[in-house]
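Hints are included, so try docking the two chains, each in its own frame, into the full complex.
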Amino acid sequence: MTLIESASAEPEAWFKLDRDNRTLTVGGAWTISESARLDRELNGLDLSGGELAIDGSKISRLDSAGAWLLLRTRRAVEAQGGKVSRFDLPDLYQPLIDNLDQEQAAEKRKPRLPTGFRGRLYKIGRATIHGYRQGVSILGYLGRVTVETGEAIVAPKHNLRVAAIFHQVEETGINALPIVGLLSFLIGVVLAYQGADQLKQFGAEIFTINLLGVGLLREIGGLITAIIVAGRSGSAFTAHIGTMRVNEEIDAMQTMGLNTVDTLVLPRIIGLVISLPLLTFFADIMGLIGGAMMCYVSLDITFPVFLRQLNQAVDVSTLMVGLIKAPVFAFVIALVGCYEGFQVERNAASVGQLTTRSVVEAIFLVIVLDAAFSIMFSVLGI
Amino acid sequence: MAQEMTAAKKKDVIIEVRGLVNGFGSKIIHDNIDLDVYRGEVIGVVGGSGSGKSVLLRSIISLIRPKEGVIKVFGQQTGEVEGAQMRKLEMRWGVLFQAGALFSSQTVAENIKVPLREYTSMSEKLMDEIAAMKLNMVGLPPDTADKYPSELSGGMVKRAALARSLALDPELLFLDEPTAGLDPISANQFDELIKQLQKALGLTVFLVTHDIDTLRAVTDRIAVLVNKNLVIGTIAQLRKSDDPWIKDYFSGVRGRAALADMEEA
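Respectively, the protein sequence lines represent chains A and B.
Its first residue numbered 1384, the first sequence is counted upward by one per residue in this note's numbering.
Its first residue numbered 68, the second sequence is counted upward by one per residue in this note's numbering.
Just so you know, these hints were derived from the structure itself, not from any lab.
Here the structure is a predicted model, which is why all the values come from computation and not from measurement.
Beta carbons: idealized from backbone N, C-alpha and C, even for Gly.
All clues stand as given, with none of them false.
Pairwise CB distance ranges, derived in the manner of DEER restraints: (1) Glu147/B with Ile1507/A: 52 to 58 Å; (2) Ile95/B with Thr1739/A: 41 to 47 Å; (3) Lys266/B with Arg1729/A: 32 to 38 Å; (4) Ser220/B with Arg1501/A: 30 to 36 Å.
Think about it this way: if two alpha-carbon atoms lie no more than 25 Å apart in a straight line, the pair counts; the simulated DSS-like pairs of lysine-lysine are: (5) Lys192/B with Lys1399/A; (6) Lys1441/A with Lys266/B; (7) Lys1506/A with Lys214/B.
Bound-form chain B, shown alone (with noise of 0.2 Å):
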């Protein structure tokens, strides 16, 4: 079935990342990587502490500049494209980093607001509108809005933050471990959240994760970094593998926690 489906949507590829490398010194982090995400699918990629999830995340949205390989978002090439053309581009995904990276200096509602007031020429009472309709979407209460980041508890900051970077409606969402920090119930949540919103905007999301239960719960496909390399299935291929990192990963105490109910389908 994940197959077909795989087969259906590889007409439509949204990332295409060929031959990555990546590194800082002399040190390789990846080695020659090649991975294709499809239009509405939602990825995971897991990986050791220090085996450059959050780095090919990274150079995807080009922050980092890799040595060397293609990368290709809808289609145009991230290191090649500058300027206005670049801006469109970055219009169209949205990230959520670790800690939310929501600007300390102003309220959940403006914080919302500054893409919408950089990239639309809405009129005020729309942009409020709007800041309430997707803090309403993430699930947090309407006096959010004018509270200040340091006065939100961790998993609201995710949130709000989540709430940010769904502003401009992207096609694209990159998350970056959304539910560390995070206690169980509220990761819980967060896992359902992505999960309805990913159905309702028909997001292909992108989700760097050290969370086995996030990823059980919403990822079609996994990519696991091992030996600066990508190996990519399904979890009930990734259990079959011989690599001894992803065997246990998927079978240490917590990975056969959760994935405990899997076995007994």
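Excised from the complex, chain A in its bound form (with noise of 0.2 Å):
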């Protein structure tokens, strides 16, 4: 590391105390390159005692970092109940110390935070409120986001803009087929491969595909795309979204009267409704066949084999069951991330902090929403 100490090839910087005749001699080069030094030095003095003259006269070089020590050291004098009799400094550095000596004002700053055990109380309480208001604003936000939906469905105005949402539908969904694809088709072999290494010590081996079948098409394979768009498409609108904020893009739109929630809300939770379950759908074929090739390599069974059982293993109604989490997983997503992206500050960090709150929302509540839908169907028998 560089460090500013070791730039200077000026001389040292010293002091000398004299106490027989009350005067603090100073002399060489007091600049930034010395004052780390000159602080801890000057920190060990003992300034107490009365009168004290400052004599400056022998400096050869100051700048405001060495001009505050003089200045600091002079006030501890007075604040010790003291008096500097005297204060010479060459001409040439006056007007430094008379642009520092303005008044400074004495009032201690309060810090933002008290330490210790209150401190830490206050965090406590600081977010619980904010947890609250969250709570309680992404409510307000889903009830109007809600109504305008409903409006958009059931009164198409001309301002349903088809393009944004097809665009949407590109972004979200055709432009995630690689991704989801080969994830899936992932899980699917290892999905297959645990399977089967745990069954064959039944010799029950074909049920891996009835594990395979029903784990895929009911849980994960929308899980497993829900979170990967979530991560994928959720960030990307509040990122959007925040920055548009930033750049003052949202109140030039709320001038020109253009309805925020209309023009990039909708086509977003739209587009990204249209687009889920189809990825879902894709997710679940990729990780079948990702889970047939498995169970070909290690258990020798044949293509038509494994169709046959998975015929007998699921049916239709699995598949759905899937499926029909996938919009409300596709609404939650869009809801939170585009939610986040107006709470959007003016700063840089601002845009960051909440993109990552607006995936890990995203994905939390997908959890949990998964949870409850398990619970929700195994109360109705399905």
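Quick look at the structure:
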């Protein structure tokens, strides 16, 4: 590391306290490169005992950091009840001292956070209030979006933006095909391999296919797709809308009378509600292909046998149970993504923070909803 | 008088630009520019929009690598020195960017402490004191220290950014349009502040601006960018220039108003 201390080639700064004559003599280059050392040494100085003269006439160079140290020393003497009888400096540096000595408001700044236990208590309280407000606010937002979505569907105005919706379908659906396909294929492979390994012990290898079919179609296909999309599209929504807020584009839209829910939120929600079920179906198929491949490799189950067993294991309702959840996941992901985007404040860190938060919240909600669906289906006996 | 002063300072050239050529693609912005900036002077750089004022500043502080030419700051060629040598050079200058460029995720005090923490071994307490001292120096109230840049007005952001650029007590200060976007009163106060600090700290100031009031208030010499080249002189000298752009600039309505009292003097 390069320090400014080592960058200086100037003569050292020094000071000498003469107790008998009550004089502090200072000299050399009192600059920022010496100030860390001078600060330590000056702090160790005992300045008590009444009057003191500061003789700075031997100073060869002075900058604002050095001047501050001198000024601070003078104030320390005065704070201890002493008096500075003389304060000599080369004329060249007098304006600097005068400039720094202007009304330094003495009042102590209050720290933003209390320290220790009270600080922790304060943080917990603040987080609780924040969580409560966040909940209320997102609920209000949900209401607003629901009403406007309803209106847009019941009485489609010319401004239901079809082009924007299909742009979102392309962004969130078609462009996500490779990653969703690859990941669910791999999940199918892993699931089949692990299942086969365990079921072999009972001689029930063939039921690997049941495990695959039911597991993928009912749960894993939909869940993995929703999580990928939350990370991919939910974050994109937040970042895009957030950046628009930073650039005051949202404010500009409002002054032009454009409804931001109409123009920004609805196309994203509708687009994602269309594309997520399709993606989920694609993920199911890719997962089954991966599983079938693994069954052939490790269990010698051929593709026709795989299909026959799959036909017995699952029916259309299994697939539908998985797919019916997708639009709900899509709605939640898009809603959270857009909502957090609108929370962005006008600074650079805010976009990143809220994007992270939007992804975490969306994934959290998706898993909670999935659990709720499971309970509901088991109560209904599906 | 101005001539004498320049002659006296001639020994100590802080920025030396020779044969600078800058351009993007095939478009040439600076064609063979020479410029000397002397210790302790305030030089103003003006020019029309797109004439390359900021490009000139950026190539001097080596944010832009020029196509051709030699730039020496404190006698060192900026394109040649690297690593630790370059850091040492950078410690000796401060830059105030047009929009302030304060780090938005940090408070004003933390912003000022960034260079202190990086380049010195000061104690936390001394850094706090220095930050408070710098804020006082640029005329900001002490409670600004704990505020975030987003909580400040435009003029306060400029002052806070100036405080940060002065953190390491540089000898050379680059100001990129310091008064742009400020109301006339704040702009006047900022001019006053620059003048005061320049005197108190003995700074050399390289000032890019549009503002004719600022030029008149703080600069010793002015460099005008016209036709990809520099015309350098004092206001009085430049007003006699034949160049149409310079003529327009100093004798347009704004120019005349700003320079009105010079006429009488």
